[in-house]
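Per the numbering used here: the sequence shown = residues 1 to 394.
Simulated from the structure, these hints should not be mistaken for laboratory data.
For every residue, glycine included, the Cβ atom is placed at its ideal position computed from N, Cα and C.
Some hints could be false.
[To be verified] Ranges of calculated distance between the beta carbons of each label pair, as one might list FRET restraints:
{"id": "1", "residue 1": "195", "residue 2": "123", "range": "13 to 23 Å"}
{"id": "2", "residue 1": "340", "residue 2": "244", "range": "41 to 51 Å"}
{"id": "3", "residue 1": "124", "residue 2": "98", "range": "24 to 34 Å"}
{"id": "4", "residue 1": "189", "residue 2": "65", "range": "15 to 25 Å"}
{"id": "5", "residue 1": "218", "residue 2": "100", "range": "32 to 42 Å"}
{"id": "6", "residue 1": "86", "residue 2": "129", "range": "33 to 43 Å"}
{"id": "7", "residue 1": "124", "residue 2": "271", "range": "48 to 58 Å"}
[To be verified] Straight-line Cα separation of at most 25 Å, DSS-like style, residue types lysine-lysine; simulated pairs:
{"id": "8", "residue 1": "300", "residue 2": "270"}
{"id": "9", "residue 1": "40", "residue 2": "148"}
{"id": "10", "residue 1": "140", "residue 2": "170"}
{"id": "11", "residue 1": "140", "residue 2": "40"}
{"id": "12", "residue 1": "270", "residue 2": "313"}
{"id": "13", "residue 1": "270", "residue 2": "340"}
{"id": "14", "residue 1": "227", "residue 2": "200"}
{"id": "15", "residue 1": "313", "residue 2": "300"}
{"id": "16", "residue 1": "315", "residue 2": "300"}
{"id": "17", "residue 1": "170", "residue 2": "40"}
{"id": "18", "residue 1": "313", "residue 2": "340"}
{"id": "19", "residue 1": "200", "residue 2": "230"}
{"id": "20", "residue 1": "170", "residue 2": "148"}
{"id": "21", "residue 1": "340", "residue 2": "300"}
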Amino acid sequence: MPRKRRIVTGVIPLRTIAHVDMDAFFAAVEILDNPSLAGKPVIIGSRDSPRGVVSTCSYEARAFGVHSAMPIRRAIELCPHGVFIPPRHDRYHEVSQALFVLLREFSPLVEPLSIDEAFLDMTGCEHFYSSLEDMGQTIKDAIRQRLKLSASVGIAGNKFLAKLGSGLQKPNGLVIIGEGQVEEVLAPLPVDVLWGVGAKTTRELARLGISTVGQLRGVPEEWLVRKFGKMGRQLFLLARGIDDRPVECEWEAKSLGAENTFPADLFDVKVLEAELLRLSMQVGRRLRQGNLSFRTLTLKARYPDFTTLTRSKTKSSWPRDDWSIFAGARELLHTLDLTKGFRLLGVYLTGLYPFRQLDLLEEERSRLTTVIDELNEKWGRTVIGPARVWEADD
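Starting from the given sequences, assemble the full structure and let the hints guide the process.
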């Protein structure tokens, strides 16, 4: 794939922040594992689950109007010849871990934003490279060589501009926004490129005749604060490319989760609990792979009428085995009206922190789950597990 560059020159800023964003990550991993998919419209989502949504898709599929979060049914209408692939979250997580290991070789200050993107504070590292272009290209080349994947990189003096830059020339882009060229880059862009500006704020600004960042830049700060409160101050600063937030280099993820949209609404409590156990096993395994513990367990549930609820339970510490996670999720499930049925269930763990051995019981549980994890890793995700998971399929 040819390199794309849009180099905006200017004075080197006081900080040097890079934003790395993988290109169509889930689809790219599937193509990596199955090269015959290259050049085809790959859509991550099961064609047999028309009630589900698209996780992501290749750029070939995007040419037909398919995009993330689109209902599968609509994606089939737009791209009936697309290659629909059920997501393999464990595989994506595995590649993501390798990505962040690689990024930390460039800087210890890495802030993950999601499974496939991160900020790097490269301040002080500039002298290792001939230019900021060389810095960005070196990061991209390392990802290409080691992971066999494509990434887009933005480099600027703050997080807002770096993230903006990484998205300007996707896929496989490299954009450097120098300090002296911020206004030139921002002025023609729509106001919704600014962080925190959603559909509602965009409509309010449009009613005032403001549709571009350049137009917004001409509005006095006092007027924006009077109109939008604290948000007005943020609009004033971002329209000028000002963002002083530091790169927060907590290496661990802020949450772990898994959810499933069912092919048909589920009413059977036994089947619901089996699905909940599957999800608990999935997040439990990822928790242990990251050598993490958690403080808050959250159940996400969606009724057939699309009403979505969450229920959470927080403790100072939880056991990390699958059954303990399942027991907590099951308790939360039974606080809901089970007679309505469900179209989606999800299990999420937050308040993550490095694991420390707690007691002998936890140690015994840890040994058992470690053996199970190793067997499943070697022979498949569910070669061994609780009988009730398979009973629900019978």
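Which constraints among the numbered hints does this structure fail? Numbers only, ascending. Violated hints: none at all, because every hint is consistent with the structure.
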